[in-house]
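Undergrad: With the hints as extra help, turn the sequences into a complete structure.
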Amino acid sequence: MKRFALLAVVLSCVLSLSASKGNADDTPQMKYIERYSALAVEEMYRTGVPASITLAQGLLESGYGLSELAVKGNNHFGIKCHNTWTGKKVYHDDDAKGECFRKYDSPEESFRDHSDFLRYRDRYRFLFDLELSDYEGWAHGLRKAGYATDPQYPQKLIRLINEYALHQYDKVPEGGMLEEGDVVVKEIPQSPAQIEQARPLTQGQREVFRFALSRQMYSLNGVPFVYAVEGETYESIARSYNLFTRELLRFNDLKASVPLQPGTVVYLQAKKKMAAVGLEKYVVDGEADLWAISQRYAVKLDRLCRMNGIRRDHVLRDGDVIVLRNK
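Each residue of the sequence shown is one higher than the last, beginning at 1090 in this note's numbering.
Check each hint, because a few of them may be wrong.
Stated by the list, open to error - In silico SDA-like cross-links for lysine to any residue, where the CA-CA straight-line distance does not exceed 20 Å:
# : residue 1 : residue 2
1 : K1344     : A1317
2 : K1344     : N1331
3 : K1245     : Q1257
4 : K1344     : V1366
Don't read these hints as lab results, they were simulated from the structure. Computed from a prediction, not measured in an experiment: that's the story for all the values here.
TA: Printed below as a string of structure tokens:
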């Protein structure tokens, strides 16, 4: 599963912390964690649901992936059909006999639907105001919002998280994000040979967002963005596009909000792994930093650092050559 490859080394270290007793990694619980931890982390960065909560719910709801519902329907989170479900169905005795549950083609599909189920339902919206590290708040909030009828549901999730050190997965970095105070926005010299021009998005392209706003959106390297206007903040832009502030900050390689100057590029989706075709390198001429370059070319900061074998706090000097695309 190639999309999880970059997490493998970090997650193996986390797993070693979780499986510290003898052959603990041979238990169904540890096998489940090993199989789905990378997916839980990926979903955390996609939607904002803590990986620890996803794993704990999966362990609990699916019986470590061994329950009838998980085996027959790939349903790892006990999500019922509800009125809006148009997909496959499987029937199972729960609070009542023969209740309708969602059936998936794969466990991965179940994980993604679980994340979307929490994110896009109004009754769970308050949970996303909590910190990713506040797994106890999430556990109690899920019960409060009606996810489960068991009054001990929060305690069961918290026990699993503590017992298997699942909170460690909430700390797995996506990579390269900046801390508050690390950013000094600097102009990059406009060398025509090295600049891809921003292109306005068409109405069809804009419909990728849940709300097609009247505001003009643009694209660089295939990544949609807007130019900040006077008085805007990352928080206000996130609300406008039905995004969470922390994911908008992540798209722009920030960990904390910094003041927005009019005209600043604010990306609305994740940047790419390398610059557009034809933009192979950038030669530093004047003041610039890696974050500003990553923003100018819509390249993820961690990928930019990795391509050049440098750290994000590396000080650039005139004449330095920054690789923008791998050969």
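Undergrad: Hints first: check each against the structure and report whether it holds.
TA: Hints, verified against the model:
1. Between K1344 and A1317 the alpha-carbon distance is near 18 Å, which keeps this suggested pair within the 20 Å criterion.
2. In summary, the hint linking K1344 to N1331 is supported, as the alpha carbons are separated by about 19 Å, within the 20 Å threshold.
3. With a CA separation close to 18 Å, the supplied pair K1245 and Q1257 stays within the 20 Å bound.
4. Restraint check for K1344 and V1366: the C-alpha separation of about 29 Å exceeds 20 Å, so the hint is violated.
Hint 4 from the earlier list is the only one contradicted by this structure; the remaining hints agree with it.
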